[in-house]
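Input sequences plus hints: build the corresponding full structure.
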Amino acid sequence: MTAVVVDNVSKIFNQGRPDEVTALAEIDLSIQNGEFVSLIGPSGCGKSTLLRLIADLITPTTGTVTVADRPAATARKEQEYGIAFQQAGLFEWRTVRKNVELPLELRGVSRSERKAKAEEMLELVGLADFAGHYPGQLSGGMQQRVAIARALAVQPPLLLMDEPFGALDEMTRERLQSELLGICATTGTSTVFVTHSISEAVFLSDRVVVMSARPGRITAAIDIKIPSRDEAGRQAPAYFEKITEVRKALRS
Amino acid sequence: MRRVLSVIAGLLIAGLAWEGYKAVGNPEGTVLFGVRVLPRADDLSMPHLATIADRLGAPELAGGRPVWQVVLDACVFTLGITAAGFVAGALIGLVLAVAMQRFRIVERGLLPYVILSQTVPLVALAPLIAGWGGVVMPPWATVAVIAAYLAFFPVAVGMLRGLQSPSASGVELMRSYAAGWWRTLVKLRFPAALPYLFPALRLAGAAAVVGAVVGEISTGTRGGIGRLIIEYSREATSDPAKVYTAMLGAALLGLLVAAAVSLLEVPLMRHRRHVEVVTL
Numbered sequence: 001m002t003a004v005v006v007d008n009v010s011k012i013f014n015q016g017r018p019d020e021v022t023a024l025a026e027i028d029l030s031i032q033n034g035e036f037v038s039l040i041g042p043s044g045c046g047k048s049t050l051l052r053l054i055a056d057l058i059t060p061t062t063g064t065v066t067v068a069d070r071p072a073a074t075a076r077k078e079q080e081y082g083i084a085f086q087q088a089g090l091f092e093w094r095t096v097r098k099n100v101e102l103p104l105e106l107r108g109v110s111r112s113e114r115k116a117k118a119e120e121m122l123e124l125v126g127l128a129d130f131a132g133h134y135p136g137q138l139s140g141g142m143q144q145r146v147a148i149a150r151a152l153a154v155q156p157p158l159l160l161m162d163e164p165f166g167a168l169d170e171m172t173r174e175r176l177q178s179e180l181l182g183i184c185a186t187t188g189t190s191t192v193f194v195t196h197s198i199s200e201a202v203f204l205s206d207r208v209v210v211m212s213a214r215p216g217r218i219t220a221a222i223d224i225k226i227p228s229r230d231e232a233g234r235q236a237p238a239y240f241e242k243i244t245e246v247r248k249a250l251r252s
Numbered sequence: 001m002r003r004v005l006s007v008i009a010g011l012l013i014a015g016l017a018w019e020g021y022k023a024v025g026n027p028e029g030t031v032l033f034g035v036r037v038l039p040r041a042d043d044l045s046m047p048h049l050a051t052i053a054d055r056l057g058a059p060e061l062a063g064g065r066p067v068w069q070v071v072l073d074a075c076v077f078t079l080g081i082t083a084a085g086f087v088a089g090a091l092i093g094l095v096l097a098v099a100m101q102r103f104r105i106v107e108r109g110l111l112p113y114v115i116l117s118q119t120v121p122l123v124a125l126a127p128l129i130a131g132w133g134g135v136v137m138p139p140w141a142t143v144a145v146i147a148a149y150l151a152f153f154p155v156a157v158g159m160l161r162g163l164q165s166p167s168a169s170g171v172e173l174m175r176s177y178a179a180g181w182w183r184t185l186v187k188l189r190f191p192a193a194l195p196y197l198f199p200a201l202r203l204a205g206a207a208a209v210v211g212a213v214v215g216e217i218s219t220g221t222r223g224g225i226g227r228l229i230i231e232y233s234r235e236a237t238s239d240p241a242k243v244y245t246a247m248l249g250a251a252l253l254g255l256l257v258a259a260a261v262s263l264l265e266v267p268l269m270r271h272r273r274h275v276e277v278v279t280l
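Top to bottom, those sequences are chains Y and R.
Numbered according to UniProt numbering, the first sequence spans residues 1 to 252.
Numbered according to UniProt numbering, the second sequence spans residues 1 to 280.
Hints are computed from structural coordinates only; laboratory data are not their basis.
Only a predicted model underlies this, so the values are computations on that prediction, with no experimental measurement involved.
You can take every hint at face value.
Restraint-style ranges between C-beta atoms, simulated for each label pair:
hint, chain 1, residue 1, chain 2, residue 2, range
1, R, A258, Y, T187, 46 to 56 Å
2, R, P121, Y, R214, 53 to 63 Å
3, R, L255, Y, H196, 54 to 64 Å
Think of the CB as a built atom: it goes at the ideal place given N, C-alpha and C, for glycine as much as any other residue.
Below is the structure:
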């Protein structure tokens, strides 16, 4: 079974108008269950657009997107995925815990279950003590961690992340990377991860998909095998070899 | 405690300014190039505060009830009309804003008329509405209609802006949760609109008071503070302090409505009061 199939997808914004932009052209991508795939490429290569297509937040101009063997629109309605954006996008009138509870609330989960789940997720991102705070009281990095907890709260089979660690400091980023891998491994979650960072992509992914700009195309897909995804992994020669390989693919 | 003190200080300053101007101002007013730029400071135009206070305690007419009772009764009467007009206007404004947010075509079609509605002179409209009194509704309700007519506007415009305020990412997030229009409205748009709603409600409250006072005058409704201002101002030459007692009543009305909106705001805007940012 495949988690995501993107079949010959193109996306043209403002079609037929003077400001027409071809964001993506002829994209084919298939992601296996439990696979961790990173999308990497220069700004404007359409990696966020591709993520939004998978999320059915926008619809493709041509081609089809299939998520969990269903059309993307159906998968969205059945809440088959969790999503985290570049900006935390928390609701400022809700406490941190209530923010994490939001997707559970919309699924009709009971109050006590919601509370327990939200607290568990906040524990995971290291913000258990801030459950009662409002987002306006937290720093940007903390807000982003809340957004990640929110995306994880429903334990979706597919996780879509659009540069979620972009605003974090290196230490928090590395810790959350390990946490994320742990969560994906234990729950068998498939992940599509958009990033600017080569090292982040290599460390996290089973496969790094390299894209080029205007129109956005997939230029390379590099399978990553590093001995272990921990501190030792970060120092393994294989890790550095793959970083070089991705860098070269981005240059070409 | 500090708030109470600051309120008292504010009243003292206003009182001192009044009496101070009376003391130094030209009794005939200051005229510059044939235009009076500062008002007359004589006892006829600006009675002493003590005179106004005395007048409040004195009977309205010889042997009648004291003025403060009459003014207070009129305030209560007009407050009822204002409240009815304010609530009706706010509800209509809310419904219009939601409809305009939901359907782009309604916004385009309706918004110009919403704005146009406020440029129609009230004095032209009032006799028309007054004609409904006793036919389709009790006379007091026609005044409430005029108050509502002024009150709905800031709510419609402010709330529309508020409902449109959520960022694209917030809307996308709700879409990713498969939340439809209604749930997006309840969970995202409505709470996001509250910071826009409360200033709009304050404006609407003030507009409802003005609408009620002006409405009473132009429809000739008896018993309210608007009518009282007109009646007392006819006696202004012989009894200048009397009309000020009615004006005090109208000001009190405005304060009451503003306070009511603030009371509504406190529980709904709790998150705005925690402002200290934790950086870890």
